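> Could you put together the complete structure from these sequences and hints?
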Amino acid sequence: MKSVICYINQFFAGIGGEDKADYEPEVRQGVVGPTGAINMGLKAHDAQVSYTVVCGDNFMSTHRDEAIERILKELEGKEFDLFIAGPAFQAGRYGVACGEIGKAVQAKFGVPVITSMHVENPGVEMFKKEMYIMKGSHSAASMKHDADMMVALAGKLLKGEELEGPDAEGYYQRGIRHQVWRKDGVNCADRAVDMLIAKATGKPFTSELIIPKKDLVPIAPALKDLSKAKIALATTGGIVPVDNPDRIQSASATRWGKYDISDMDRLEGGVFKTIHAGFDPAAANADPNVIMPVDVMKEFLKEGKIGAIHKYFYSTVGTGTTQGEAKRMAKEIIPLLKEDNVDAVIMVST
Amino acid sequence: MKLELGNFYVKDIVFGNETKYENGILIVNKEDCLNFVKRDPHITEADLRIVKPGDMVRLVPVKEAVECRVKLNGDALFPGYTGPLSQAGCGRTHCLKGMSLLAVGRHWGGFQDGLIDMGGEGAKYTYYSQLNNLVLVADTDEEFEKREQQKKNRAIREAVHKLAEYIGKCVKDLEPEELESYELEPVIKRADATEKLPSVVYVMQPQSQMEEMGYNDLCYGWDCNHMLPTFMNPNEILDGAMVSGSFMPCSSKWSTYDFQNAPVIKRLYKEHGKTLNFLGVIMSNLNVALDQKERSALFVARIAKDLGADAAIVAEEGYGNPDADFTGCIVALEEAGVKTVGLTNECTGRDGKSDPLVSMDEKEDAIVSCGNVSELIELPPMPEVIGELESLGRDGLSGGWSGDEILGPSVRPDGSIIMENNAMFCGDQVIGWSTKTMKEF
Amino acid sequence: MVKEFERAGFPVVLMCNLVPVAQTVGVNRIVPTISIPYPLGNPGTSKEEQHKLRKSRVGTALEGLATEIKKPTVFKVEI
Chain A
26 MKSVICYINQ FFAGIGGEDK ADYEPEVRQG VVGPTGAINM GLKAHDAQVS YTVVCGDNFM
86 STHRDEAIER ILKELEGKEF DLFIAGPAFQ AGRYGVACGE IGKAVQAKFG VPVITSMHVE
146 NPGVEMFKKE MYIMKGSHSA ASMKHDADMM VALAGKLLKG EELEGPDAEG YYQRGIRHQV
206 WRKDGVNCAD RAVDMLIAKA TGKPFTSELI IPKKDLVPIA PALKDLSKAK IALATTGGIV
266 PVDNPDRIQS ASATRWGKYD ISDMDRLEGG VFKTIHAGFD PAAANADPNV IMPVDVMKEF
326 LKEGKIGAIH KYFYSTVGTG TTQGEAKRMA KEIIPLLKED NVDAVIMVST
Chain B
36 MKLELGNFYV KDIVFGNETK YENGILIVNK EDCLNFVKRD PHITEADLRI VKPGDMVRLV
96 PVKEAVECRV KLNGDALFPG YTGPLSQAGC GRTHCLKGMS LLAVGRHWGG FQDGLIDMGG
156 EGAKYTYYSQ LNNLVLVADT DEEFEKREQQ KKNRAIREAV HKLAEYIGKC VKDLEPEELE
216 SYELEPVIKR ADATEKLPSV VYVMQPQSQM EEMGYNDLCY GWDCNHMLPT FMNPNEILDG
276 AMVSGSFMPC SSKWSTYDFQ NAPVIKRLYK EHGKTLNFLG VIMSNLNVAL DQKERSALFV
336 ARIAKDLGAD AAIVAEEGYG NPDADFTGCI VALEEAGVKT VGLTNECTGR DGKSDPLVSM
396 DEKEDAIVSC GNVSELIELP PMPEVIGELE SLGRDGLSGG WSGDEILGPS VRPDGSIIME
456 NNAMFCGDQV IGWSTKTMKE F
Chain C
447 MVKEFERAGF PVVLMCNLVP VAQTVGVNRI VPTISIPYPL GNPGTSKEEQ HKLRKSRVGT
507 ALEGLATEIK KPTVFKVEI
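Protein chains in written order, with my numbering: chain A, 26 to 375; chain B, 36 to 476; chain C, 447 to 525.
Check each hint, because a few of them may be wrong.
As the list claims (entries may be wrong) - Short, incomplete list of chain A residues facing chain B, as computed with Cβ under 10 Å:
1) G210
2) T231
3) N269
4) R272
To be verified - Taking CB as the label site, the calculated pair distances span:
5) C:S502 <-> B:K204: 51 to 61 Å
6) B:P416 <-> A:A247: 57 to 67 Å
7) C:E514 <-> A:M289: 46 to 56 Å
Keep in mind that the hints were calculated from the coordinates and are not lab data. Fair warning: this is a prediction, and the values are worked out from it, not measured in the lab. Note that CB positions come from ideal geometry on N, CA and C, so glycine has one too.
Shown next as structure tokens:
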């Protein structure tokens, strides 16, 4: 018998509404409120709800780190195969809470997480890449429907069955794409020509790649006074000391390096080089400043245009490097920048 | 321009005293062929091997694949490269079908080289596991690039380009089992019925991103880095005008065999006069600098417009920054009113979460997708390896590594391997063979 | 990486050749460079010319860091 742990808020636990939204997290054995229906459904898949986590929505949103930490601690040592949060319908704080706890549980225990939200719940945009979020209903009147959807997917995941993809299974696209062999064996030349004929003659066709929407970052405010600012340099052009001490890969990099430039006026060829495999390295090997412009930055410093240069420059290789890896590397570098009170960054990519 | 391809189907390859084709069997005089290869003094070691579908053999580092052929009028098989310039795409060419001639490094591989498993679960990752293959395994004295990640592979590649013709000669005077005929009327002199159909161009973006000569695809022997997009007769591509280069992660590459058999061209020919009016090929390229990318897109769109194209297929031989050439070209065509379909692979990362292309635009509403270059592949040991298995991890093949904190080395002591799809020889088959697609999970 | 730095509150200029790629990804401050293998100095020109170009482009990047913008911006380069 497989074991599932559920998460619900104070309202669905029957504790109370808005007045009880500060309810502190607790873990109860067995089912609470709507997780009873989930438990019934799971029986068909030889699984049961072993525990139900209850937490107030406000407690989760105002004491997020504490709430997550307390819940994770309570779940330690409990054997479970899957985590189900919600359904959260259109309740914004509840949806975000399901996402936050689901993400933390998945990271810590490595079990799949299912939740359910209405398309307008802000939790969908925030967490759809992190977990299975079922396309849920507007309100709790459809509790049974939404719970059944989660249970159906849970059954497949618990049995290790191959999923049919987001549309067929009813969850939001997670932006996770892998290659598969087509069952009909139609090759891409025929698919392209068929699609071309359809497009040229105004007939319907289905693109195999829907262009995703841009992920925008808020624009950071500009430097107030350049002449007092400390600037850090970084590159994805693979400039490293000639012996590549950090063994940064020349493609699909997962490693980065930091190199002290505090006592040099420029990067010399023969001392630094590029290990980037995506282009002809001759120019950068002869003069590494064409990628990492240490020489002119030092001049700007002497001229007083900038206040200071961060002691190190940071380097990795951009070609074939996944966004996930790039993100992780940036997150490893950021504390070092903060520690040294860096104000701004110039990144040179190739 | 009319091209006739006379096909001889090779059901088996064996070694014998004389190179000849008899009853579906290609007999190869190994010693004679090796002597021919060794005429190039830079070839220091050479052997010929035969591998067949299902053989439990792993080939690595694979550098090139060619179809063995001969031009009946005596012209060079690859004009401007293996011989004097002449018009490709007309007259008659005899072809040994169902087989390819592969070039494999005896020791050294590079960024652009790949792997083929002829049998077992790894066979599905390449097209060439379905063919009978004659394999040239060779080493060279090209010391200057032995330890370089980027290799021109000049001697080994040229050896198979020339050997393909040398072997092809054995069917020069024989009657083919099948005769395929390819002919397009001049663009402005076509039947009314044909002209009423949607007119279509096929835009090819062959790999040409190295600024130094010797790495890029060739067009009549001319480095594609040095050309602007031009209008070509599809017969030229089917008949040796294009030769594959030695740059780009391997699964994205198009081998010379791929050019010689370009499936999109063959399908467009089939539809010509029935559902569409196939105008021809616009041979573009892939570039490094943005202005070069923009210039090529501009030329492609203008040629398409002047030809009166209603629709186009754009295919790229690469990923990463070539996606900017690809997207730029599709956007330019759409803005010129040409309804365009894109043919490409994706790079969504080992976890599948990265953006599929590095440059994308909402105008790209019709894409056919052929695979994920960074898909992780784990394969058991093979009883036999042709080439040198170590090269996968040691020599910087695009899908291999010498060490990784979590995954360990690509090549394990027991001969099993873990690699990215990137290093599967011409694995994503954007040229047209791919039965792979991409799916949301 | 640029976006992560910016998310952490640092103003960032990305100096790159493939401006459409940077725009696709959603980079906010962009200064174009002259090529991929040598973003800031063409080896076919003299050392002085390379230096002049590099100083000009990096100068533009520094000014970009000190410029308030409302939407993603590609800064104009002098040379």
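> Evaluate each hint against the coordinates.
Here's how the hints hold up against the structure:
1. G210: OK, holds: G210 of chain A within 10 Å of chain B, min 5 Å.
2. T231: holds (9 Å)
3. N269: Constraint on N269 of chain A not satisfied, violated at 12 Å.
4. R272: With a closest approach of 8 Å, the R272 of chain A hint holds.
5. C:S502 <-> B:K204: 51 to 61 Å: holds (60 Å)
6. B:P416 <-> A:A247: 57 to 67 Å: holds (58 Å)
7. C:E514 <-> A:M289: 46 to 56 Å: violated (33 Å)
The structure fails to meet hints 3, 7 from the earlier list, while all remaining hints are met.
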